[in-house]
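K.L.:
For reference, the chains in residue letters:
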Amino acid sequence: MSASTPFALMANATSLPWAEVPAWPVVDFVRATGIELARGARLCSLFGVPEGDAVQLVAVLAFDADSTLAVGRSRTFTGTFPSLTATHPQAHLFEREVWEQHQVMPEGHPWLKPVRLTNGDAPANGGFFRVDGGEIHEVAVGPVHAGIIEPGHFRFQCAGEDVLHLEIALGYQHRGIEEALIGGPHRATLIQMETIAGDTSIAHATAYAGLMEALAESEAPLRAQWLRAIALELERLANHTGDIGALAGDVAFLPTAAACGKIRGDFLNLTALLCGNRFGRGLVRPGGCCHDLEPARAAQLLERLTTALADTEQAVAWMWDAASVRARFENVGIVHPAQAIGIGLVGPAARACGLVRDVRYDHPAGWHRFGQAPVAVWPGGDVFARTRVRSLEIRRSGELLREHLATPVEGEVRGDLAAPAPDTLAVSLVEGWRGEACHVALTDATGRFRRYKITDPSFHNWMGLALALRGTAISDFPICNKSFGLSYCGFDL
Amino acid sequence: MIPILQLLLRLGCWLLLAPLLPGIINKVKAWVAGRRGPPVLQLYYDLAKLWKKGVVMSTLASPAFVMLPAVAWVAVFGAAMLVPLGPAGAGLSFRGDALLMLYLLALARFCTAWAAMETGSAFEGMGAVREVSYAVLAEAAMVAAVLSLSVQTGSISLVTMLAPSVGACAGLLAAGLFIVLLAENCRVPFDDPNTHLELTMIHEVMVLDHSGPPLAAILHGAAMKLLLFAVVLAQAVLPMDHLRPLGAAGLLAGSVLLVTVAVGLVESLLARFAFRRVPLLLTTAFLLCLFALLVAWKGGMP
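As you go down the protein sequences, you meet chains H and W in turn.
Quick note on this note's numbering: the first sequence kicks off at 1463 and runs consecutively.
Quick note on this note's numbering: the second sequence kicks off at 16 and runs consecutively.
Next comes chain H alone, as it looks inside the complex (with noise of 0.2 Å):
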């Protein structure tokens, strides 16, 4: 299907000369993405490059089917371009960022206001969508919330109890990595890079590696490849673990609640085992990695793993057996699959759509060669098949990891890296444990960044949640947005 596509085909984690990526006007390019898209691509990035006073667009799509990645880029222009929202809705935070970003309109955009744009101390979010009438009441939850999260701001628009419209501004985290990430790399990068989302500090630091290595046209050693792909297994089961027992919280069921919140902490000591870092920062490093799994290590780290596995299959059984659970997961804010296709859904909230989608499995990068990871996916696209997929990767990831630790690779895990090619494109991405991380960057003559552009899965699914809401009880709200389990940080930037 890619073959025949006017866009510069490349695989995940390589770089293309700048020069080879197809240009065309603005319109020809708009109208080049929407086909791709309405055949079966998917958006996982377009951002505006500026040059001058004027921009280019450059997307980023991804045949999944194929192992595929397709580039392509509009020429400079200023003013409007039309917006492909109307026709392909996973575009429309794109191009509301383009439009805060580069000053250049969508024309036709439905909804367009600002992603991050500050307005005095807090972000400029307002002008909410609402529902008229006499029997319609608005509820406004945060930015400040009950309970230790993240600031964001949602607004219900409620029948009684029956949500109608939800629409959710964020921004309130936006710390302008983006920007500092410009005329890099700097010695903080990395350091940035792990604290995009602090949660997913390997898949982003992962990536970011990838990234590195593709501009120097180089790889890790196969040592560090083996090493990076634990740690992002057990960064997937840590957290999967924590938001099934926050899940069982929410719904009031405390054995697996407790349970999980220790389990959890058990797969956060394995990566402090691995790197000596709970949440795995200092462990990835453009060339390799900075720690070594000496065999000793591996041989305590392969049964303490164990133990948290039955431990947590364990848990996980107390809530499938409590029939008080699944009522309250089954049938509940329910997203379909046309509609996880059309808003670009990723991750696990995309699986548990029936979706297959899963960077591990579709476009292979490191060790992911290897080693291939079994895709989960539950249909359904309620609260449950979510847990669902959830639980289904642990087990998997599990399995996975307990694979790797059988086949450890010899050598080198940290090797010398060139410098960064000029004028080149690279993306990478990377299967973190809520879905595809997807790094851009595009270097200057001299190999600085010129545009580095970061897309969390968070960005493709807080949509989701929105749609999940709609016709679903207000009270089921926290269900179904810790079913999704999204990051603020990582969609703020």
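Hints were generated in silico from the structure; no laboratory data involved.
Remember, predicted model here, so these are calculated numbers, not experimental data.
DEER-style ranges, computed between Cβ atoms:
1) G1933(H) to A121(W): 32 to 38 Å
2) A1584(H) to A63(W): 34 to 40 Å
3) P78(W) to G1570(H): 51 to 57 Å
4) P1512(H) to Q57(W): 57 to 63 Å
5) A1548(H) to V147(W): 42 to 48 Å
We put the beta carbon where it would ideally sit given N, CA and C, even for glycine.
Place chain W on chain H using the hints.
P.N.:
Below, chain W without anything else, positioned relative to chain H:
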């Protein structure tokens, strides 16, 4: 026993022992989950702390916002004084006091719902709506239970009604009243007293904006209400009139403890229900109490 001693005993039970119940429930929950849990006396510490604090008022709220929790507390306390405490008897007893107890509890609920709406917050309005809607069904069950006790004993005074065992309908009544206890005291599966999620709360969300002494009054009133329902449930089912005072007191204390532990176990092992399923369970409680009434009415006939 000297009347003044009896009075002190009753006051001590209602005022001083009530905050123990939530502590026991939390301990049971912690124990089942394998945690250490907060101290059993935690609510006493909280009440002492709150009593020393100031009151924060919403600019929208009228002075009623502070007064209503006090009125609600007095109403619950009044209802408690009507309920006999085994050998210590009731503070006040007259023909029809059972009805007064129901009305006092309804008054307390009215005051809490009113105070919730004082702040003009969308959350608290939702909480008040939920509380009042579910109360319609819970009160129906409670009324049926009181009626069945009344038919059984031919009296509408709580002291007489609660003294003998209800006999044949004891099981029905116990099950019905236990569900009502869970609903009225906002326990799982109706509400989750531990949650921090405003959108899912019923009772907790109504008191979110209260602070200081009014909040202490609300928390203490809630503990007293829990004790009240536990005491009514225990005495409705168990025969208290044939026992010696010490035996009766022991039986009452033991059964209240049992009810409390049962609440803790329910909370540990059951997820809370979705709101749309709450009416189903409350209707079940109503039917159980209604069948108890039928048994009490027709069961005695040859």
